[in-house]
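Novice: Use the sequences and the hints to build the structure in full.
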Amino acid sequence: MSRKLVIDPVTRIEGHGKVTVHLDDQNRVTDAKLHVVEFRGFEKFVQGHPYWEAPMFLQRICGICFVSHHLCGAKALDDMIGAGYSSGVQMLPTPEKIRRLGHYGQQLQSHTTAYFYLIVPEMLFGMDAPPEKRNVLGLVEANPELVKRVVALRKWGQEVIKAVLGKRMHGIESIPGGVNQNLSKAARDRLLNGEDGLLSIDQVIDYAVEGVELFHDFHKKHRDEVDRFAKVPALNMSLVDDEGNVDYYHGKIRIVDVNKDTVAEFDYHDYLDYFAEATEEWSYMKFPYLKELGREEGSVRVGPLGRVNVTKSYSDDTPLAKAALEKFHDYTDGKANDMTLHTNWARAIEILHSAELIKNLLNDPDLQGEQLVITPADSAWTGEGVGVVEAPRGTLLHHYRANRDGAITFANLVVATTQNNTVMNRTVRAVAEEYLDGKAEITEGMMNAIEVGIRAYDPCLSCATHAMGQMPLVVSVFDSNGALVDEQVR
Amino acid sequence: MSIRITIDGHEVIAQHGDRLVDVAADNGVYIPTLCYQRGKPCLGTCRACSVRVNGNVMAACTVPVSDGMEVEVNEPEVADMRKALVELLFAEGNHNCPSCEKSGRCELQAVGYEVGMMVSRFPYRFPVRERETAPEKLWLERDRCIFCQRCVEFVRDKETGRKIFSIDHRGTHASIEVDVALANKMPDEQVREAAELCPVGCIIEKGLGYNDPIGRRKFEIKSIRERALKRKHK
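Residue numbers (our numbering), protein chains in the order written: chain H, 26 to 515; chain Y, 47 to 280.
Keep in mind the hints are simulated off the structure, nothing from the lab. Please note that a few of the clues may not be correct.
[Unchecked claim] Result set (DSS-like, lysine-lysine): computed pairs, CA atoms no more than 25 Å apart in a straight line: (1) H:337 x H:360; (2) H:384 x H:347; (3) H:192 x Y:183; (4) Y:264 x H:210.
Specialist: Shown next as structure tokens:
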């Protein structure tokens, strides 16, 4: 008797998705899918709004990576008014560095949330641990000192965001052509030296180093399982600078294969020449792919694993992260790493990288500069803009058009989780085949393995499909006639 | 002529004929306003300053004080009535404070905080209102209009004195309108003044917004209550 297993919703991710796994009479996996089942539609209802409100409006898509959406929108507006990269205008040093500071602060706090709050519980307790244990509260019980450090680390990232954008969430920083304030020396010193219980930047870096070591310890104990788990081939994509190193704020898009040979490299303003999107009736999340290679071969992986696969190195002024990255690269002998759980290794490295980048910026006097905005002539107006940044979850793109009155007429958002859609579905399939295939009994731990695979991508389905809502997890087992055989609710 | 009135049981000396809302402010009693601006003719459109005068609910901006008047401002029932009026203003439009550029500078938002509004008890109407984007320098975000009529009465063509803004239709079909030809004659400074005059984010300058960082916006520097009470307290 064939069966369909359902995980609805997938937990400890942002947004609302479910997984279905189909088994045949011999309990062999015949199909496995990640469905995104809700829809929000920001692209539609931003239409008609004043163009200068778009970065404030659209950052509300997400409560986690709002700075990325804000910056993507800001870069698109820079283009639109003729003060952006599409017009060959280089942003002034102070606003660019202010934007970068907020961006790195968000990456630090977002990765910290994903890594320590959502992912580490399984690393420490195992995928088979009881659900009531494998969560952040279980961590509090097992290792309160670690949790204290994690909370302080995340708080520090939030304080960086607050210093730049005025609020910990959904603040205001970027305006067309620049930013609305610099960073005061007092705010800088607070972040550098720590006060009122806030960490200093050196403590932040120490904690980030411990985060990388935490993965190494876990990896040492469970090397075979970690390396075997959902080894999924895909192209890797990231923004890179002229040296071929990742640049989280700006650069050209580079896509590499498993040998790290460049498959495509282009100015992100030309993304429509390179990417197409497929749709499926079973999911609201689209499936982008490289036109030239087609959907199967041309789907890309973005996010921490994609970035560390693409980047050649890090700059010398982030020495700890650079060393950690070299160790990562050495592990696969210079080939791209397609081991899904190594995404968490990459994420830990990027927490450290962000911390070192922030330290460098905080010591840069340009942050106290007074020239904050480029105001081009009205004749420079282009009416169209594309912004791309490396959001915590991967390459994020906003594309707007506005009419001459200033009303948005078109918006297209291609978010990181959408880019990862095909790869996440491959991961679900791979884990299902590894853990469920041919098993007479399906345990809760086996089902959780699928969620572990999804969580490695830290997907934000709210961003990707503009879904909202949250429900308890329901695992249902149906027979081949669709009749409910068993159901567990948590 | 000096007279005596009571506000919430406290005796106050005022000049006969002074506006109640001003007398209250001068004596340290804040009454929220949205259409009224001290020193300008009263409009009486928003009713956000409703208080009880000798047992009757009246808009404080429209009431000249007279001897023996008994005024209740912070009595719970009338205070809740003001709150309800503010909630209705939110429910009748499409106010998106989180992304609105007027946030932190918006009088409706500030008054909402002052009256303790957390959510509207009334169902939102979600009216469909077209934006007016034709003027060269300004934009009417009609979703946010509360029909206070400040712009209608106080923004005039510098040359002819003609009104630049008007309200068309009535009731739920009412719509703020702008004479595009006159609007295009407005000097930059007048456009800025019109945007500043608008108590919400309806009249906005094209291409500008969010220039004031969070923490340095108008009502974050000094609250709307402090601004209303800035004159000497007796």
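Novice: Going straight from one Cα to the other, do residue 192 of chain H and residue 183 of chain Y come out at no more than 25 Å?
Specialist: violated (30 Å)
Novice: Can you confirm whether the C-alpha distance between residue 337 of chain H and residue 360 of chain H stays at or below 25 Å?
Specialist: holds (11 Å)
Novice: Does the alpha-carbon distance linking residue 384 of chain H and residue 347 of chain H stay inside the 25 Å limit?
Specialist: holds (15 Å)
Novice: Is it true that the CA of residue 264 of chain Y sits at most 25 Å from the CA of residue 210 of chain H?
Specialist: holds (23 Å)
The structure fails hint 3 only (numbered hints given earlier).
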